[in-house]
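J.: What follows is each chain in one-letter form.
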Amino acid sequence: MSQAILEQLRARFGEAIIETHNFRGDETAIVRREQIVPLCQWLKATPGIECNMLIDLCGVDYSERAERFEVVYHLYSTTQKHRVRVKVRLAGEAPQVDSVVAVWPAANWFEREAFDLFGITFVGHPHLKRLLTFDEFEGHPLRKDYPVNRRPKIPTPDPLM
Amino acid sequence: MGIQNTLQEGFFTTRLEHVLAWGRKYSLWPMPFGTACCAIEFMGVVSSRFDISRFGAELVRFSPRQADLMLVMGTITYKMAPILKRVWDQMCEPKWCIAMGACASSGGFYDNYSTLQGIDEIIPVDVYIPGCPPRPEQIIHALVKLQEKICGTGQSFPVAPPLVAASGVVKKGNAA
Ligand code: SF4
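Residue numbers (numbering that gives the first Met the number 0), protein chains in the order written: chain V, 0 to 160; chain F, 0 to 175.
Derived by calculation from the structure, the hints in this document are not laboratory data. These figures come from a predicted structure and were not determined experimentally. Glycine is no exception: its CB is placed at the ideal position from the N, C-alpha and C atoms. Any given hint could turn out to be false.
Below 20 angstroms or equal to it, Euclidean Cα-Cα: the simulated SDA-like pairs (lysine to any residue) are [to be verified]:
no.	chain 1	residue 1	chain 2	residue 2
1	V	Lys152	F	Pro135
2	F	Lys78	V	Val147
3	V	Lys86	V	Thr155
4	F	Lys78	V	Pro151
5	F	Lys84	V	Leu127
6	F	Lys84	V	Asp134
7	F	Lys84	V	Glu135
8	V	Lys80	V	Leu53
9	V	Lys143	F	Asp110
10	V	Lys43	V	Ser62
11	F	Lys78	V	Arg149
12	V	Lys128	F	Lys78
13	V	Lys152	F	Arg85
14	V	Lys43	V	Leu5
15	F	Lys78	F	Phe108
16	F	Lys78	V	Glu112
17	F	Lys78	V	Leu127
18	V	Lys86	V	Ser62
19	V	Lys152	F	Glu57
Counterexamples of contact, computed for chain V against chain F with all Cβ distances above 12 angstroms [said to hold, decoys possible]:
no.	residue
20	Asp55
21	Tyr61
22	Lys86
23	Ala90
24	Gly138
25	Arg150
Please build the complete structure, drawing on both the sequences and the hints.
T.: Structure below.
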């Protein structure tokens, strides 16, 4: 069933699908960054696919690769009971990808988390602000080059009055 | 015993600060600042099997304004640190602090970007309890240690000893 999704994706988006793999049922498509929003919309809206639930969205840092960062989307369909994984690869020190909050509102905090910990900017996000660390935090701690023994300054409390 | 000899029978003399300290040590009102698993262990200490009220410290208050003993139980992140500091500042003098567990004392095994490496970076601590989490007996032991310290009969602590000042008010050495 999910295998058919990858074929449908290839047929529909062609060039935008860089590669796919399927190891024991983890259907994965690596797609071009520019196409992520229309692709997600298509996965959500197409009858028979209907990935109406965003299970998780996270960043990954493969520091040895040229396209260093990856954003991984785990999708599930509550009507069809199947899963798909979509990945985008991003290059550079200030990686950017379009936000999918408009497709799944659940992406809101996930994208803020990836922005906070990996420094990935989600273009079009309604409120892209650090989620887990505090505003004055410097750097992005889950990047592989973040020094393991670096400690932030203790943030100053807001005045009571 | 100078003055006592000149008084009638039935009197004895003491120092005012001694009486105050005696009263205080049996009426500690703890404020639990529980952020992680250690706070669960504290529930065992307050409930009947171990029963912290045997030591006069059963009135757990969730307002810092009504408490004089802060129990920091759990991991304190950098994001939480200013909140802990503010709650501590809202407590009235005299006040004491117990760091319960490895996390509150030193950051524990969370030696990473997000965790404060011991609450004594921001507030003075009177007694540290080792363990992950400490046994209830250890918490009671810490309480007894603190009571000794309040009376001034315990061992001297390197961090923030309460000073018995000439005015007779028990003061914290380096309280904020
Ligand atoms: S010291 Fe151990 S039990 Fe206590 S808060 Fe830390 S991890 Fe949890």
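J.: Each hint should be assessed against the structure and marked as holding or not.
T.: Each hint tested on the structure:
Taking the CA atoms of Lys152(V) and Pro135(F), the gap is about 34 angstroms. The hint is violated against a cut of 20 angstroms. Between Lys78(F) and Val147(V) the CA atoms are separated by roughly 18 angstroms; this keeps the pair inside 20 angstroms, and the hint holds. Taking the CA atoms of Lys86(V) and Thr155(V), the gap is about 38 angstroms. The hint is violated against a cut of 20 angstroms. Straight-line distance between C-alpha atoms of Lys78(F) and Pro151(V) comes to about 10 angstroms, which keeps the hinted pair within the 20 angstroms bound.
Restraint check: the Cα-Cα separation between Lys84(F) and Leu127(V) comes to about 28 angstroms, which exceeds 20 angstroms; the hinted pair is violated. Proposed proximity of Lys84(F) and Asp134(V) is supported: the alpha carbons are some 18 angstroms apart, at most 20 angstroms. The straight-line distance between the Cα atoms of Lys84(F) and Glu135(V) is roughly 17 angstroms, inside the 20 angstroms bound, and the hint therefore holds. Only pairs whose Cα atoms come within 20 angstroms are accepted, and Lys80(V) paired with Leu53(V) is accepted, the gap being roughly 13 angstroms.
Of the supplied pair hints, the one linking Lys143(V) and Asp110(F) holds, its CA atoms being roughly 16 angstroms apart against a limit of 20 angstroms. Under the criterion of a C-alpha separation no larger than 20 angstroms, the hint pairing Lys43(V) with Ser62(V) is inconsistent with the structure, at around 32 angstroms. At roughly 15 angstroms between alpha-carbon atoms, Lys78(F) and Arg149(V) fall within 20 angstroms of each other, so this suggested pair holds. Taken as a hint, the Lys128(V) and Lys78(F) pair is honoured in the structure, with Cα atoms around 15 angstroms apart against an allowance of 20 angstroms.
For the hint pairing Lys152(V) with Arg85(F), the CA-to-CA distance comes to about 17 angstroms; that is within 20 angstroms, so the pair holds. A C-alpha spacing of about 14 angstroms is found between Lys43(V) and Leu5(V), which places the hinted pair at or below 20 angstroms, so the restraint holds. Among the hinted pairs, Lys78(F) with Phe108(F) is consistent with the structure: their alpha-carbon atoms are about 18 angstroms apart, no more than 20 angstroms. Taking the CA atoms of Lys78(F) and Glu112(V), the gap is about 15 angstroms. The hint holds against a cut of 20 angstroms.
With a C-alpha separation of about 18 angstroms, the suggested pairing of Lys78(F) with Leu127(V) holds against the 20 angstroms cut-off. At most 20 angstroms may separate the alpha-carbon atoms for a hinted pair to count; Lys86(V) and Ser62(V) meet this at roughly 16 angstroms. For the proposed pair Lys152(V) and Glu57(F), the alpha carbon gap of about 36 angstroms is over 20 angstroms, so the pair is violated. At roughly 20 angstroms, the least C-beta separation between Asp55(V) and chain F is larger than 12 angstroms, which holds for a residue marked as non-interface.
For Tyr61(V), the condition that its CB be more than 12 angstroms from all CB atoms of chain F holds, with the nearest at approximately 20 angstroms. Here Lys86(V) stays apart from chain F, with its beta-carbon at least about 26 angstroms from theirs, past the 12 angstroms limit. Remark: the non-interface label on Ala90(V) is consistent with the geometry, its nearest Cβ contact in chain F lying 25 angstroms away (cut-off 12 angstroms). Residue-level check failed: Gly138(V) sits 8 angstroms from the nearest beta carbon of chain F, not beyond 12 angstroms.
Distance to chain F contradicts Arg150(V) as a non-interface residue, since its nearest Cβ pair spans about 7 angstroms, not more than 12 angstroms.
This entry does not satisfy hints 1, 3, 5, 10, 19, 24, 25, going by the numbered hints stated previously.
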